[in-house]
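Visitor: Put together the whole structure using the sequences plus the hints.
The listed protein sequences derive, respectively, from chains A and B. Residues 1 to 604 (this note's numbering) are what the first sequence spells out, left to right. Residues 605 to 1208 (this note's numbering) are what the second sequence spells out, left to right.
Treat the hints as calculated values from the structure; they're not laboratory data. Do not take every clue at face value.
Below, simulated SDA-like cross-link-like pairs (lysine to any residue); rule was C-alpha separation at most 20 Å, straight line [claimed, not checked]:
no.	chain 1	residue 1	chain 2	residue 2
1	B	Lys932	A	His166
2	B	Lys936	B	Leu923
3	B	Lys1112	A	Thr327
4	A	Lys332	B	Arg779
5	A	Lys77	A	Trp65
6	B	Lys936	A	Gly172
7	B	Lys936	A	Cys167
8	B	Lys1142	B	Glu1087
One side only, chain B facing chain A, incomplete, derived with CB under 10 Å [claimed, not checked]:
no.	residue
9	Cys771
10	Ile797
11	Arg1024
12	Gly1118
13	Pro1201
Heads up, the beta-carbon is just placed ideally off N, CA and C, and yes, glycines get one too.
Here are the chains, one letter per residue:
Number of protein chains: 2
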Amino acid sequence: MPTYKAPLDDIHFVLNEVLKVEQLSAHYPDFDTATMSAILEEAGKLCEEVLQPINRSGDEEGCVWNNGEVTTPKGFKEAYKIFCEAGWPALGCDPAYGGQGLPHAVNTVFEEMICSANLSFGMYPGLSRGAVDALMQWGSDDLKNSYLPKLVSGEWSGTMCLTEPHCGTDLGLIRTKAIPNTDGSYKISGTKIFISAGEHDLTSNIIHLVLAKLPDAPPGTRGISLFIVPKFIPKADNTPGERNKAVCGSIEHKMGIKASSTCVMNFDEATGWLVGEPHKGMRAMFTMMNAARLAVGIQGLGLAEVSYQNAVAYANERLQGRALTGTKFPDKPADPILVHPDVRKNLLTMRANIEGCRALAYWMAMQIDVFHKHPDAKERQKADDFVALLTPIAKAYFTDMAYEGCTLGQQVLGGHGYIREWGMEQFVRDARIAQIYEGTNGIQALDLVGRKLGQDMGRLLRSFFHPMGAELEAESANPALIEFVAPLTKAFAKLQQTTALIAQKGLKNPDEAGAASTDYLRLFALVALGWMWLKMAKVAAEKLPTAGGQAPFYDAKLKTARFFFLRLLPATDTLAKTIGTGASPLMDMAHEQFALPPLGVGRG
Amino acid sequence: MPTYKAPLDDIHFVLNEVLKVEQLSAHYPDFDTATMSAILEEAGKLCEEVLQPINRSGDEEGCVWNNGEVTTPKGFKEAYKIFCEAGWPALGCDPAYGGQGLPHAVNTVFEEMICSANLSFGMYPGLSRGAVDALMQWGSDDLKNSYLPKLVSGEWSGTMCLTEPHCGTDLGLIRTKAIPNTDGSYKISGTKIFISAGEHDLTSNIIHLVLAKLPDAPPGTRGISLFIVPKFIPKADNTPGERNKAVCGSIEHKMGIKASSTCVMNFDEATGWLVGEPHKGMRAMFTMMNAARLAVGIQGLGLAEVSYQNAVAYANERLQGRALTGTKFPDKPADPILVHPDVRKNLLTMRANIEGCRALAYWMAMQIDVFHKHPDAKERQKADDFVALLTPIAKAYFTDMAYEGCTLGQQVLGGHGYIREWGMEQFVRDARIAQIYEGTNGIQALDLVGRKLGQDMGRLLRSFFHPMGAELEAESANPALIEFVAPLTKAFAKLQQTTALIAQKGLKNPDEAGAASTDYLRLFALVALGWMWLKMAKVAAEKLPTAGGQAPFYDAKLKTARFFFLRLLPATDTLAKTIGTGASPLMDMAHEQFALPPLGVGRG
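Guide: What follows is the structure, given as structure tokens:
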């Protein structure tokens, strides 16, 4: 059975020593780092002691559908009750509706821990959080007052109903209809699939946010509206009333996240209310989706972390063979497999990615706080630009590194990694979905090259290129950092060159941008992680000489930085090269040649 | 539900047009390509119509253990009966024991098809085949006469019992004991784990090949002997007699290959007989393992192929959005997702790997036939050197590309790829084991750099470097191939340089070789695939101008070759660079620094 310990030391290092999270107190008057530490310690305990112990059993048991009702695995109801009673759903929510009003950055750390401990569990409050954000931004005061207090307390939960059997990425094709009633409500009819938390037994009500088309809708995505459709229609006193015709027809059997219910939802003239303006549903949905995309990236981070912890433990305990350079532990029947360079390479690949992604994730979360709270509109804009640019990168790269990382963690355990009881294979199966949902990673790459690069004449790009360029310049003469600054400066130049190349070629032929997209996203991500590693290495190098008993931490940080720059960053060479080969290697093949053309042998 | 069609056209192209398989008739007098085609067509039908239809249900149902007995999923017994009645287990076996005596190359193609159709099923006859090979080479005439006819017919099945709870890679640690009886037999006692096909209901007897230590065994791997331990001890008439004390204690619950039983086998003074000489069991086991390692590579190839076929079908059928360059199918509500560059990149990555690996696999299989049958000892030696060198590369690279490829195939299906009923996620889960068993891919890389590179003063390397260098030289002025020869010549030079570097640094410090090993294996594999692609491109370029109705096949082959050289081969740049960074980025981290050192915050 795997274990988990919240990595509070590294979290502390990133938030306090690298990112100086205390600066957020300028925007959150009640915020201070001592309180934050206390909260995160409690959050860690909850994840370690309540959520993690039901992760494996939840996977084995899964959710069960019976005549429209869904039962979550044993212990989930009790854990959810503890979760709500301690006020955890309210952590980052608005105090006006019962929230604790803490920075998004703190909530992001908590999300990482939840996903390490029990991703399936985390999806229930995670979806609610998305619903809260959408209602906060687009809901009328009536809707807010009816729904937000119950969603913030966790008494009710939320969903996002987008996908239909024939459409996922292309929401312009949706067929779910909304017909106005005379009282201002609507009759919603249609079938939605892949609805996470669409039905379950954790809460007394479930609030669906549903994309549908009004009778006068223009075609395509410009004709989509957003509706709120509760499972039970709230009574005047905001307690659940009449059962609405929003029913779970079945649940999916999936590769992983088995304790999270994935529902087919049938809306059969269900009563709903418009959220925001008619035909402007996509805009509202994007509020949820952008937050959700970063949250999915965090899921990857959390899974990679827990897989790393357990892989290291195994590599220390498993005695097998001897070190290539001769026996290291003569008192043992064999050396622990951690002596082997390739086992170390697997572990360090995970760790350099995890710690780099963690720094970037927390920095993005802090920028979201700046966007929400900074008094200066220019600062808000810069923060928003940075987050918008990095969101597809974080979603795709964090989840790719999580799948690859959990696979490496599993590999360290050899055959035991393939056996269910060891738990390492569950991390792989759970991580896999994060590359797919909230827009596949291919769609993230298209968002990056097709939307974010060119947006506002490249303004989003400048929110990244300018400060990174300035920092490289500032550190260029720092002898303690030259081993990092030198390769990063080269990789940064490659990123700038390929950006210009894609912008130029993509204007003439969008397939050129599409053909470069996933390699470009990965190149961008590696440079962004390199920047984070430069920041972390700088702090570590400064602190190490006087660190005393904490020296091993800073020393390990510098060694991991070295690994990143020597072993992971060089992938940028190949990526720049393959991007340069353009679209024709992909586009020249005729459609019918993808299924192998016949050669006139065999059955033809 | 996924489908499968045996890729007979590509098989025909590789065997007949590229590798000139007809030359094997010099060694196999009864072999001709017309017979081979007929056999492969029948084999394809069996895989498509008998084995593939029970692959999904086998995964859902799994094997069931009950009081020492194991039941395979519905349909497996019937399929195995059909399989044996048609004589398929005997395909490549010696006619002296009822085999059909066909070349190994033909059997390899059949193995690929079986693994595409139903990997779990294929493991039962696959393990038997390993037992046949070991007995053929090391068994006494008595043992051969007792066991081989039944194993060749499929009436009985075989296993390999190596791993114990505390040892897998390091077999020197095994504790299973063999005590001589007075009649020449032995009492075998110990526990073996991860025993594929250790117990099941397909055959009337199961023949275990067990590694154990004699009382006078020297320590380590030099003290291991091989024993044959039948489930039922054959009577004088070679029918199953007394039940032996070799009992299945439980089966593992695994990530995949769920219809293949993975058993804990308890030997409790079970009766066994020595195979080969005392203390020479590792040598005999390597006979089975080397064949098994190539067979595991073929498993990867088969899984990638079936995933590719289904991903292409989906990409052609799924209508979603429009091409980036404007509508391609105006009569449809949306374009098929195959119009998108990144979907094409995923598919072409799979295909360029699959077709390259197929060519290399079949070539290796033909070299095995040369090794077994060629009258000239020098030719046999060259063939054996080539196979020994390429075996770890094929095992590790084919299975890595299969896992990565099946993941890409699943990605093409988006959310549907994550749902069990679509079957794409099963290919990923099934492919995952192939990177682990028969020596993890990290162990394969160590075998390559630690054993194969230096063996016999680099003689194994010459079996690859000399003919490849000569072919590059011969084609260097061929204008039709310059686009392939030029990048391959550079990559080949990188391979030669890194080989020299590793040999030189590894002599002084074995950790240097270990630190380079997995990157070096991948670099080697990409160059080897490049060579295969050069051979295939040459044939395609020659045939294309006069190919008539077959032109689309050769044209597609050239386009896939281009994709390989432009998009996949450039990874060699980064690999050469990371290999050059040496061992210190991996070895400098202290053992205790792998678990994050404390920073004195939190609960510390």
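Visitor: Evaluate each hint against the coordinates.
Guide: Quick rundown of the hints versus the structure:
no.: 1; hint: B:Lys932 - A:His166; in the structure: 19 Å, holds
no.: 2; hint: B:Lys936 - B:Leu923; in the structure: 8 Å, holds
no.: 3; hint: B:Lys1112 - A:Thr327; in the structure: 16 Å, holds
no.: 4; hint: A:Lys332 - B:Arg779; in the structure: 16 Å, holds
no.: 5; hint: A:Lys77 - A:Trp65; in the structure: 16 Å, holds
no.: 6; hint: B:Lys936 - A:Gly172; in the structure: 14 Å, holds
no.: 7; hint: B:Lys936 - A:Cys167; in the structure: 14 Å, holds
no.: 8; hint: B:Lys1142 - B:Glu1087; in the structure: 11 Å, holds
no.: 9; hint: Cys771; in the structure: 7 Å, holds
no.: 10; hint: Ile797; in the structure: 8 Å, holds
no.: 11; hint: Arg1024; in the structure: 4 Å, holds
no.: 12; hint: Gly1118; in the structure: 4 Å, holds
no.: 13; hint: Pro1201; in the structure: 4 Å, holds
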